[in-house]
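S.K.: Protein chains in written order, with numbering that gives the first Met the number 0: chain A, 0 to 179; chain B, 0 to 124.
Hints were generated in silico from the structure; no laboratory data involved.
Note that the Cβ used here is the ideal one computed from N, Cα and C, for glycine as well.
A couple of the hints might just be wrong.
To be verified - Here are some chain A residues pointing at chain B (derived, C-beta under 10 Å):
1. 19
2. 21
3. 23
4. 24
5. 25
6. 28
7. 30
8. 34
9. 68
10. 138
11. 139
12. 146
Listed below are the residues making up each chain.
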Amino acid sequence: MARKLAWLLAGVTLAASGGYTFVYLYRWEWNRALFTSLVFIAVEIIVALGLVMRRLARIEQRLEHDTGRSDGAEAHALAHLEVTAPTRRHFGWLEDSAGRMGVFITVLLGAGLLLSALTWLVDRIATRTARPTLERDLARRLGEIGYPTYALVPDDEELIAQGGPYDDDPALAILLGPRS
Amino acid sequence: MIRTLTVVVVAVIAVGSVHVLREATMTRHTEMPPESYLVVSGTAEVRSASHDTETLLLALVSECVVEANPGARMRGFAEDDGAFSFEVTPALDDPDRRQLQGCLEDFRVSGLLANVDEMDLRGVD
Numbered sequence: 000m001a002r003k004l005a006w007l008l009a010g011v012t013l014a015a016s017g018g019y020t021f022v023y024l025y026r027w028e029w030n031r032a033l034f035t036s037l038v039f040i041a042v043e044i045i046v047a048l049g050l051v052m053r054r055l056a057r058i059e060q061r062l063e064h065d066t067g068r069s070d071g072a073e074a075h076a077l078a079h080l081e082v083t084a085p086t087r088r089h090f091g092w093l094e095d096s097a098g099r100m101g102v103f104i105t106v107l108l109g110a111g112l113l114l115s116a117l118t119w120l121v122d123r124i125a126t127r128t129a130r131p132t133l134e135r136d137l138a139r140r141l142g143e144i145g146y147p148t149y150a151l152v153p154d155d156e157e158l159i160a161q162g163g164p165y166d167d168d169p170a171l172a173i174l175l176g177p178r179s
Numbered sequence: 000m001i002r003t004l005t006v007v008v009v010a011v012i013a014v015g016s017v018h019v020l021r022e023a024t025m026t027r028h029t030e031m032p033p034e035s036y037l038v039v040s041g042t043a044e045v046r047s048a049s050h051d052t053e054t055l056l057l058a059l060v061s062e063c064v065v066e067a068n069p070g071a072r073m074r075g076f077a078e079d080d081g082a083f084s085f086e087v088t089p090a091l092d093d094p095d096r097r098q099l100q101g102c103l104e105d106f107r108v109s110g111l112l113a114n115v116d117e118m119d120l121r122g123v124d
């Protein structure tokens, strides 16, 4: 009731101040017109502020209502999920297949036999194809690091020839190799 | 259809109202005879007893006559116990008279409130 009375008073004040502003302007009473227009603007600001606050209050009320409703729906859904959740049986498949162990073992053995045969075959093929190549490559690499087939030190004849009267002969130097 | 008709009616009323207001408030000056004059009489109140009513009134009347019509001249000012009268020559036309009355009754001078009782045109046919 008080709120309606305040809105009514604001409306009457707005209408009166606005109307009298024009009346005073018509009468050339500038100071009175200024005063009434000031009252009009002040009441207008108050009314606008009241409208904004009322709208904000409605929005806030609606938000609170929606929040409460969503909380209730969430609790209801959670309770429903808890009631209707399926019972989990970890390793249940093991329990179910316990009576069919014979078939499982047979399949396991058969698969092992097949895998063994396959690996034997691969081993045979690899042995036939890879060994000669590997051995040749190994022989080449060993040959590179092996001892040379010639002597590492000059023999007595070479030493005598280098120390003889023909030591300045280039042809003989080529034939005998570098001096030791 | 009804909505369009309503819009048209509201627009016609708005335009008509603006036109009527314009005709009612538009200033239209008329030439007054040079020998004509206007007799103004009224009453005045002062807020404080220490204020001289005649001085305040004379200042207010002089300012308002100049504001209403700078070409007019004020004469015969008299004040007696709050009642005042003066003449303006040449006489003021209707818009200037309204402006003079508004100026006199407005809050121009601090502590002085005047009220115009009568404006009598003399020398005008």
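S.K.: Under the constraints set out in the numbered hints, which ones does this structure not fulfil?
M.R.: 1, 9, 10, 11, 12
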